Amino acid sequence: MLARFWHSDGFWMLRRSPAAMIAGLVAFLVIAGAVFAPWIASTDPYDLASFSLMDGLLPPVWQDGGMAQFPLGTDDQGRDMISAILYGARLSLLIGLMAMVIATVLGVGLGLAAGYYGGRFDAIVMRIADVQLALPAILTALLIDGIARGVLPSEMHGDVRVAVLTLAIALSLWVNFARTARASTFVERNKEYVQAAMIMGQHPLRVMFRHILPNILGPLLVIMTVDLASAILLEATLSFLGIGLPADSPSLGTLIRIGMQFLLSGEWWILWVPTLFLIALVVSINLLGDFLRDVFNPRLH
Amino acid sequence: MLDVQGLTVRFPSRHGDFTAIEGVSLSVNPGEIHGLVGESGAGKSTIGAAVIGLLQPPGYIAEGTMTLGDVDLRNLTAAQAHQMRGARISMIFQDPQTSLNPLMTVEDQLIETIQAHEDISTSDARTRAIELLEEIGIKQAATRIKAYPHQFSGGMRQRVVIALALCTNPELIIADEPTTALDVAVQSQVLDLIKRLAQTRGIGFILITHDIGVIAQITDNVTVLRGGKVMEHGPTERVLRAPEHPYTKALMDAVPRLDKRVERFLVPESDVVKVASPAGLTGADAEAWLLDGVQQGGADLEMKDVTVRFAGTRTSLWTKPEPFVALDSVSMQVRPGTVMGLVGESGSGKSTMAKVITGLVSPAEGQMTLAGDPLPAAKQRPRDHVSRRLIQMVFQDPYSSLNARHRIGEILSEPLWLYGLEPDAARRRQISAAMLDLVGLSADSIDRYPHQFSGGQRQRIAVARALLARPRFLICDEPTSALDVSIQAQVLNLLKDLQARFGLTILFISHNLAVVRQMSDDITVLRNGKVVEAQRSEAFFTAPKADYARELLQLTPAITF
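Which chain is which? The protein sequence lines are R and C, in order.
First residue of the first sequence: 1, per the UniProt record's numbering; consecutive thereafter.
First residue of the second sequence: 1, per the UniProt record's numbering; consecutive thereafter.
No lab work stands behind these hints, which were simulated from the structure alone.
Everything numeric in this text was worked out from a predicted model, so none of it was measured.
Take the hints with a grain of salt, since some may be wrong.
[Said to hold, decoys possible] On the chain C side, residues computed to face chain R include the following (Cβ under 10 Å): (1) Lys139; (2) Phe310; (3) Tyr399.
[As the list claims (entries may be wrong)] Derived SDA-like pairs: lysine to any residue, alpha-carbon spacing no greater than 25 Å straight-line: (4) C:Lys195 <-> C:Leu555; (5) C:Lys320 <-> R:Tyr117; (6) C:Lys379 <-> R:Val226.
For every residue, glycine included, the Cβ atom is placed at its ideal position computed from N, Cα and C.
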């Protein structure tokens, strides 16, 4: 298995692309750090007892006054920046991944059906997609947030923030998947292997998911990686604007919003550390997406 | 004039250099049509590209000399080579659809080409362009020249491409499969034109083709290639009539003849190493399984006054578009256990017939019966209707008719599972492996993916899939037109064998009359959605009744000597 991977075309291309290798390494480190945050981080930023205001606003270790205990400094509450970022990335990645999965399932399902059936169903789905595209993600998020607040009792509001945010991001991303899946399905549907399945009298769902889906997976995987980056960015944007997560469970966006207050105060690390971290994460995921696109493009082999 | 000696072309790749052409020598004199023939992968097109200096990078010429007159083609700078192309060497491509710019009128393209090579006023260039079009047989050239490529038919477009190639009075024209995309009637016109140009203008042609009939019809000399090496070369008549090399002999034996019917094609023994199937089942077991089915023998099919209309293209926002009539009250009767050949040019409605029978397209009018029972049209045919299993189809393109993401075992056992023929998964696998053996593939192919097989092998897999439904009526839609001649012979042999053993009823759709002659007992000729002639096969080929049928037979390039 490992030997097969080592000799595969994809890995061969990876070894020849330094950008993709670095991007892969960065993404791997970030994701591993986020997943294992509870074991790596020195303090738990959600646990108020684990840090003290006395340690507030300490600079990174290489500046005067920095402490070895907090290599990248602390924020105004005395939280260790590294721990805050790792836990923040954990939340950001979780929301991004969940939103991406929901968007994939929704978009690919609708796109496949629209491409397979065509006609009126296709027209309706695609018009809904057009409307969705015209709505900015922030509006969608506000809308869903508003509905959730209206429908659910007030003591639940804090608990559903993550779900609301995920749903809002998913809703603004599914269109990409639907359009790509639909266009590829249009092409595949007229191929002879699909016609063979139709002639045999196979159920439309089986034709769609067993025959067409595996053949259109390539471009969808690319969109999945690129949209994962978009989802993380969107979450950061929404949190930055205050629609997302509150300060007591900070995601990367929330950390950046908090840091904004210290932009001109000289405590630069509170803003720049999470910002650079977010940029590194998003850029490396995007580079991986570009690399995947090349791998799936047979012309470049 | 053109002299190529010991040409070797290599393509560097991840696994070392791949030698596409090895030590090829050929020469072309003025006015000579030199044929390059061979099966796919023989390196025909690579030779053409090397001569004209348009080798696909990273390919490079490793060895050999190429001279045109007194010019060494290998020692040209990029600018000189560019000047050489067009001025002295031109090229005609396979698909006239894509080799003309769809956004420019024919006039603009011709004038542009003429002015690119000669300092000449636009009006003079136009006069020259019109003369050229007249020369290649486009009537009312002065008005037609204003048209865009899409306003010409396929054959006319290919003539325009030839006119473009002629613009600069080249000495040598490389024609890469110039008639492959064209119908028989148009093909013969284009070939006549090429022959006339060689004679009157003294242009040397390199004609690259896989079609021995085309070679026989117009070339003076021929070079037979295989795997990048020259197998045999010499005057066409000598090479085709009395081939010396075993490969050429085998190739000639595999070409379907229009003038007689042979029972089996001679094909070189296949070099497949047979591996016993996992459960020890062989082709004989698969055969027994097929014969074990409730119904043996074929079923007859009758179509009565079937009319198919498609929505036409909308020309105005307000009026309903005129429907396009694909089939116009077509009737056809296929006798049980026989092969019906369905013949016609592209657009004649052959494939629509297949789609109506299989239920992909709903006819507007007409009835069908299968084995005496009414066969409902597409929309009324339930998914579990018995005809879904009884009618199976083998498609034209073996590269797209098998799902590239499924293993052969999954592809083959699907009909067994779907029709509930074998409830046990292990048993399904055994029968699939045995069926592979029956169609002449190794039983261990079952765990591989379609892309690991060649076109001919894939077509065998497609046949195996169709058989695993225990069908009574098999539709073969151009089953060999994507295949090389020798592979075609193997697949046709396989179909003949299966038909003889199981008495299947087959509807064999093809545009190639020679192939149809080898396969069919009856023939139906379609033209523009109407039946032109329906006859017993031998009677049709010896004495066709309809004028159109006679014309078709005459125009099909045949090996006459």
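Evaluation of the provided hints:
Because the beta carbon of Lys139 (chain C) sits about 37 Å from the nearest beta carbon in chain R, more than 10 Å, this interface hint is broken. Interface restraint check: Phe310 (chain C) against chain R, minimum CB-CB distance 14 Å, threshold 10 Å, status violated. For Tyr399 (chain C), the interface hint holds, since its Cβ comes within 10 Å of a Cβ in chain R; the closest pair sits about 9 Å apart. Between Lys195 (chain C) and Leu555 (chain C) the alpha-carbon distance is near 15 Å, which keeps this suggested pair within the 25 Å criterion.
Distance hint between Lys320 (chain C) and Tyr117 (chain R) is fulfilled; the C-alpha atoms sit about 23 Å from each other, no more than 25 Å. Proposed proximity of Lys379 (chain C) and Val226 (chain R) is contradicted: the alpha carbons are some 41 Å apart, above 25 Å.
The structure is inconsistent with the numbered hints 1, 2 and 6, although it conforms to all the rest.
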